[in-house]
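Q: Take a look at the letters that make up each chain.
Protein chains: 4
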Amino acid sequence: MIKFRNDYSEGTHPSILNKILETNLIQTVGYGEDEYCETARHKIKTHLKCDAAAVHFFVGGTATNLTSLSAFLRPHESILAPDTAHICLHETGAIEATGHSIIGVPNAAGKISPEQIELAINNHLPTHMTKIRIVYISNSTEYGSIYTKAELYSLRDACKKHNLLLYLDGARLGVALTCDKNDLDITDICNCVDAFYIGGTKNGALFGEALVIVNPSLQSDFKYFIKQKGALLAKGRLLGIQFLALFEDNLYYKLAKHANDMAKIISHNIEKLGFKLFISTETNQIFVILSLAQHNQLSQHIDYEIWEPYDEQHIVIRFVTSWATTADMVDTLAGHMGELLL
Amino acid sequence: MIKFRNDYSEGTHPSILNKILETNLIQTVGYGEDEYCETARHKIKTHLKCDAAAVHFFVGGTATNLTSLSAFLRPHESILAPDTAHICLHETGAIEATGHSIIGVPNAAGKISPEQIELAINNHLPTHMTKIRIVYISNSTEYGSIYTKAELYSLRDACKKHNLLLYLDGARLGVALTCDKNDLDITDICNCVDAFYIGGTKNGALFGEALVIVNPSLQSDFKYFIKQKGALLAKGRLLGIQFLALFEDNLYYKLAKHANDMAKIISHNIEKLGFKLFISTETNQIFVILSLAQHNQLSQHIDYEIWEPYDEQHIVIRFVTSWATTADMVDTLAGHMGELLL
Amino acid sequence: MIKFRNDYSEGTHPSILNKILETNLIQTVGYGEDEYCETARHKIKTHLKCDAAAVHFFVGGTATNLTSLSAFLRPHESILAPDTAHICLHETGAIEATGHSIIGVPNAAGKISPEQIELAINNHLPTHMTKIRIVYISNSTEYGSIYTKAELYSLRDACKKHNLLLYLDGARLGVALTCDKNDLDITDICNCVDAFYIGGTKNGALFGEALVIVNPSLQSDFKYFIKQKGALLAKGRLLGIQFLALFEDNLYYKLAKHANDMAKIISHNIEKLGFKLFISTETNQIFVILSLAQHNQLSQHIDYEIWEPYDEQHIVIRFVTSWATTADMVDTLAGHMGELLL
Amino acid sequence: MIKFRNDYSEGTHPSILNKILETNLIQTVGYGEDEYCETARHKIKTHLKCDAAAVHFFVGGTATNLTSLSAFLRPHESILAPDTAHICLHETGAIEATGHSIIGVPNAAGKISPEQIELAINNHLPTHMTKIRIVYISNSTEYGSIYTKAELYSLRDACKKHNLLLYLDGARLGVALTCDKNDLDITDICNCVDAFYIGGTKNGALFGEALVIVNPSLQSDFKYFIKQKGALLAKGRLLGIQFLALFEDNLYYKLAKHANDMAKIISHNIEKLGFKLFISTETNQIFVILSLAQHNQLSQHIDYEIWEPYDEQHIVIRFVTSWATTADMVDTLAGHMGELLL
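Chains as they are written, first to last, in the numbering used here: chain L, 34 to 375; chain C, 34 to 375; chain B, 34 to 375; chain H, 34 to 375.
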């Protein structure tokens, strides 16, 4: 059955796999101290035009979030996030397990506004409440939407005003930076946030995320935290090799662009057929409203995720495209969607 | 420079890499719910002749230890371990970071005895001290030594007597079970411990450890813990695929046996040349006493780890062999060692 | 300036202070193992008609909550609570600091309903979300409201249905059980909850709360947790002595009843003067809507707490009465409130 | 039975109890923001000649240690302490429960030396081991011994050299500063340590410890931590009132001096009778070696603590004196000890 369940259904892009193959028997030191990691870190910093950044590789997103956020916070400090944030909903309380509270505020299509930051800070009393210290955002968000340049800079200003750190979860950063609506350059992100990560797992890597700590005051001793959280890969070379491949010939952006292109076609097909999108498609996630009967029929042919209830008779489902989605798969989906209307 | 620094200097055994290659574009669900993982779990349980066990895959050893040990303990419970245990010394306080104390007792060649368990329990007072609940051992140990069948069963008995759980860190289980001195079968381990892991990273895998929870009372809800600790691999298939390969045609044991064979030759060469071993070589770790001058010379040709000071003029160094160690590398090492004596 | 800021502005009721005085030079063992504590625990269990309960004394409410809730939970389990719950808002993330998430649901006058429990459980997916295990309620609530017998029993049923524990924060249990609207007996509470505490600090004690663990499966090893959290009082006798006094001659209930009586008069006065209550007064907390100008004037004479904004021109303030509130203080308040209308 | 079990067997010194009595019905704000606390903090800082210090009151020692040490550390940082330290042995893993490791080193009569600090730092490798950040000492120690001026200043120098914080647990600071051997002034302590606490519970208070944070860089946001750990007393006034009394007319030192005087007599009597001290008596703790038969007889008349085994036929027991120990009690003890020899 064709899967549109997520953007990590396949292994990895062939260019990456080849690089792993070629280097397989070369001996290196462990724990990310090898030459591949060294070069990859350098390459990323050059790409970001941010030599002062520190780059650390992780195997997955939850480990990246929990390691870095808990490293940046003192025990009494907390995180402000939209209530749809991955750390709020889908990481099994990983942040709280490190001792920190997350204060969820109502999202607008997965996003948070400077006004909400202002309000939260003003309502938060000292001593008997935690001290809000980090604002967490995702780009693209859990609803596939993105932050515009104006929005990101205004979040930065709100954070600076209240001495807050801004952290961007870039599990799906590739699709955010390559979608039609985007006006952000990756260097804008360095200008605005204190730390973010460049997601590899959901953009063609076998696995891997590159955490970029822009703010120098957050960089010291960071490898201790990675080791302590069990997130320091023995054969760290695997992460360096993959990110080398991703940042050669713009591969990172090409893969993301392809996912967006496929999503645009699917989204267009769906609307043309007369189905209603739950939220307009900006990147590689497509949220569609189906009746329960339609869902029962379609799920016999296509694998996708049920997102949330819509009303008594309808639900919201999600399709996700990736670097590996083919035109054929897109057509097949359109065919099955069309049959729902017969 | 040839590396005898550890057993994870290379990528992975070709059989494993091939399986990753072959399956690369097949779509699967994530988080270890795929067919490869399912089959690998089944294969391992069959191999262990322990259908009641639960098998979970992890990317690395520290994550395996911290996730499982903290899942098995209530907040006031602690772990008894030899003071050379990996969790005591080389995991950056990962266990304590989950809120639990480790009580280190003097090791004998990396091992702990039933008498030490008895003594620790008797000296540990209620309420104002933690409650010892788990005994942690490694096989092979951090000094390369192994537990005999008699030793393991007597540890089991001591644990049962005091209602303690026995946990075995099997990062280097392969070399333990294939060395000359060994009289343990892997099914003995299932008979003796409550949980253990079969280490892949240090035995030919690209990465990966298979945690086996033998005791049914420790199995419930376990996937929550993996996710909460950031240790649930999105493309979990990679772990299933690798363990499938490792448990085909006895590959797991063959790779370990090779490492032991190479270590035996190195160890023999060293003694023949007149150097003193710090501890007799049982598996793939060789601890040698060198003078500082010898170390200065040798380290220009060979990469290895300085283990600990010996006396004012000498240090202990460590060589580690692996599935990828060649006869050539062994000869080269012998040559350079010989030159130290000229 | 007269204080209606809270119910712990004074020291302690003279009967309690006398008992401390009388016993001052008697030698006892420490840590709550003394005879006063022993007798007090027995007295409480007799009063509760629940011999199977375990009673533990704490100095304050936050320590009681964080120690017991974290002792009852496994690492992946979380707490469901109304969003006004003390643990959500006013304990500086104390629960999250022990590693557990709190899931806040919209409150109705500080309360939660069985339907909300049902909904939360149904929307909570396994593995990637925490496992809800405890429902936390307060009686009286943070808005001074109380649970009726029917409400409490229906919460119990909802919890039992989903294998949830029910925990009742009784910081203000006295006023709940002695107010006009109440139809609960303290034995009903034992029938319904797995654990609760009888608040002393806010009901005439110098300090102290008596945690009652009704559910036997939650009782084992509990003193370890108290010590580990730094909450085991060396001179534990002080807690035993106070609870002995509180449960002699119904003192606990008499003090609470007095606070309620004073609150009823204040509430009546306020409404008679034409001010609007923010929420109807059920126990010893009175929430009043004042204009900003009225607040500016009144706060020059009376000390009270600003609770929350009401609209652009108004705020909600809170008066709290206690065992020590006198008729004179009540009259003085009425006088100053009257002047606001001139 | 007369108790020499510890220095907190009685209530509190009458001067303190009177102050609690006198102020009982005065209304104050909560949480240590009242006038008594304010004045007591000022009084202590004046006494210390250290206006830049921050003073916070706690109910007990374990809460003081765990709150302050965890507030001072980042997650990867650990504590070096003698292996007899209270935090190592008798606080039920309270420090580890906040996520931090303690590295215990062999004690010399309860003390640690600069050489041991040097050695520990040199043997501690980065990234895979925690980062040692705090050295914890007690004065007087758990064996009743004290640090001399020369010793304390040399510890300070060792800490400064390695960028370590020095923390002094002053649960029994009074007896340390008033014993015959002492050459330290409390202002020396301010010169040497980053934080310490002045113990009240074991020196005549009903309860209470005064944490003094000397190092300004450790002072920010500290009240958040107290609240988060459940250690912020609602009626904080009780702590202010007690420390006001303790620092009036040198009461703190007088009470401690009395305990030392009584211990000196007991110690003298014991040696005169021919018993062997396990460790020479410097303050109010007396460690005596008794045969098992002697212990069996004596424990029928006197309540004391069994400290540790000595050999097959002997054990070490401990007597503790306090502000409340009378000459009569001392005589009675001597009488019973004498009978052991008949």
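Since the hints were made in silico from the structure, they are not lab data. The reader is advised that the hints may include incorrect statements.
[Said to hold, decoys possible] With a straight-line Cα cutoff of 20 Å, these simulated SDA-like cross-link-like pairs (lysine to any residue) come out: (1) B/Lys78 x B/Gln346; (2) B/Lys52 x H/Leu58; (3) L/Lys287 x C/Pro249; (4) L/Lys164 x B/His123; (5) L/Lys214 x L/Lys193; (6) H/Lys52 x B/Thr56; (7) L/Lys52 x L/Lys287; (8) L/Lys290 x L/Thr56; (9) H/Lys52 x B/Lys78; (10) C/Lys164 x B/Asn51; (11) H/Lys164 x C/Ile136; (12) C/Lys164 x B/Asp254.
Everything numeric in this text was worked out from a predicted model, so none of it was measured.
Q: Evaluate each hint against the coordinates.
A: Structure-based check of all given hints:
1. B/Lys78 x B/Gln346: violated (50 Å)
2. B/Lys52 x H/Leu58: Given pair B/Lys52, H/Leu58 holds - Cα atoms ~17 Å apart, limit 20 Å.
3. L/Lys287 x C/Pro249: Given pair L/Lys287, C/Pro249 is violated - Cα atoms ~48 Å apart, limit 20 Å.
4. L/Lys164 x B/His123: holds (12 Å)
5. L/Lys214 x L/Lys193: It is violated: about 26 Å lies between the C-alpha atoms, which goes past 20 Å.
6. H/Lys52 x B/Thr56: OK: H/Lys52 and B/Thr56 at ~17 Å, within 20 Å.
7. L/Lys52 x L/Lys287: Holds, because 18 Å separates the two Cα atoms, which is no more than 20 Å.
8. L/Lys290 x L/Thr56: violated (28 Å)
9. H/Lys52 x B/Lys78: Violated, at roughly 34 Å.
10. C/Lys164 x B/Asn51: Not satisfied, since the Cα-Cα distance of roughly 39 Å exceeds 20 Å.
11. H/Lys164 x C/Ile136: holds (19 Å)
12. C/Lys164 x B/Asp254: holds (9 Å)
Comparing the model with each numbered hint stated earlier shows that hints 1, 3, 5, 8, 9 and 10 do not hold.
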